[in-house]
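First to last, the sequence lines map onto chains A and B. Sequential numbering from 1 applies to the first sequence in the numbering used here. Sequential numbering from 1 applies to the second sequence in the numbering used here.
Bear in mind the hints are in silico, worked out from the structure with no lab data behind them. Just so you know, even glycine gets a beta-carbon here, dropped at the ideal spot from N, CA and C. Accuracy of the hints is not assured; some may be wrong.
The list that follows gives simulated cross-link-like pairs (lysine to any residue, SDA-like), each with its CA atoms no further than 20 angstroms apart [claimed, not checked]:
no., chain 1, residue 1, chain 2, residue 2
1, B, 44, A, 46
2, A, 115, A, 46
3, A, 115, A, 84
4, B, 44, A, 84
5, A, 58, B, 44
6, B, 44, A, 47
7, B, 44, A, 42
One-sided and incomplete, this derived list gives chain A residues near chain B with beta-carbon spacing under 10 angstroms [said to hold, decoys possible]:
no., residue
8, 34
9, 41
10, 106
11, 107
12, 108
13, 109
Next come the chains, spelled out residue by residue.
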Amino acid sequence: AQSVAQPEDQVNVAEGNPLTVKCTYSVSGNPYLFWYVQYPNRGLQFLLKYITGDNLVKGSYGFEAEFNKSQTSFHLKKPSALVSDSALYFCAHSGEGSSNTGKLIFGQGTTLQVKP
Amino acid sequence: EAGVAQSPRYKIIEKRQSVAFWCNPISGHATLYWYQQILGQGPKLLIQFQNNGVVDDSQLPKDRFSAERLKGVDSTLKIQPAKLEDSAVYLCASSLEPTSNQPQHFGDGTRLSIL
């Protein structure tokens with residue numbers, strides 16, 4: 001089955017340090033990949049997406065993600081973490097071409113904790 | 001622009017009771033999604049509407065769950081009768097069109113607790 005996996009339940013990083021939240025995918029063809037963030041008791045917010053083109057995708061709030069086809073990864077990164085970045089992060093994919101209905105398949109989520 | 005509105009925010013019921021959730025998408029968004037998010041898991045799509053038609057309801061437990069979007073705007077999701085395993089956050093999302101070119105905008109969800 002086509003899926004995305006987030007191998008870490010939690011990532012801890014000190015404020016000001018770079019952060020990485022990992023995502024790997026198992027999707028045939030050309031995957032459409034996304035990152036969303038969820039703050040406590042809130043819905044998900046879109047951060048960025050990869051459809052095609054440049055492997056480095058820039059998104060909201062200073063986040064970026066790198067699509068790596070050889071490693072089947074789409075890791076989320078930020079050069080300098082803020083305490084306010086602490087939240088739950090989801091990687092997701094959707095179908096391509098004729099199967100692209102917008103339906104998102106989410107990973108299990110990674111909690112990011114940024115400590116002052 | 002106003003976001004996706006959902007109500008109620010919280011609901012507590014006993015098993016075998018019925019419950020309904022309401023969603024008002026962003027104005028002009030033709031596509032509406034209902035997701036179920038169980039604690040510790042990512043959201044799972046229950047049903048997707050394009051205007052007032054169903055695009056995908058393959059993961060909807062149709063023996064107990066139903067959803068409608070009669071006028072192609074607001075939507076309701078109903079559970080009858082509820083089971084303990086239905087305890088979750090129910091998220092509504094909308095987008096301009098049913099492709100990945102448009103990001104989905106999520107409401108804050110309804111947290112359902114089954115006693």
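Here is how each hint holds up against the structure:
no.: 1; hint: B:44 - A:46; verdict: holds (16 angstroms)
no.: 2; hint: A:115 - A:46; verdict: violated (24 angstroms)
no.: 3; hint: A:115 - A:84; verdict: holds (10 angstroms)
no.: 4; hint: B:44 - A:84; verdict: violated (27 angstroms)
no.: 5; hint: A:58 - B:44; verdict: violated (26 angstroms)
no.: 6; hint: B:44 - A:47; verdict: holds (19 angstroms)
no.: 7; hint: B:44 - A:42; verdict: holds (16 angstroms)
no.: 8; hint: 34; verdict: holds (8 angstroms)
no.: 9; hint: 41; verdict: holds (7 angstroms)
no.: 10; hint: 106; verdict: holds (3 angstroms)
no.: 11; hint: 107; verdict: holds (5 angstroms)
no.: 12; hint: 108; verdict: holds (5 angstroms)
no.: 13; hint: 109; verdict: holds (5 angstroms)
Taken one by one, the earlier hints fail for this structure at numbers 2, 4, 5, listed in ascending order.
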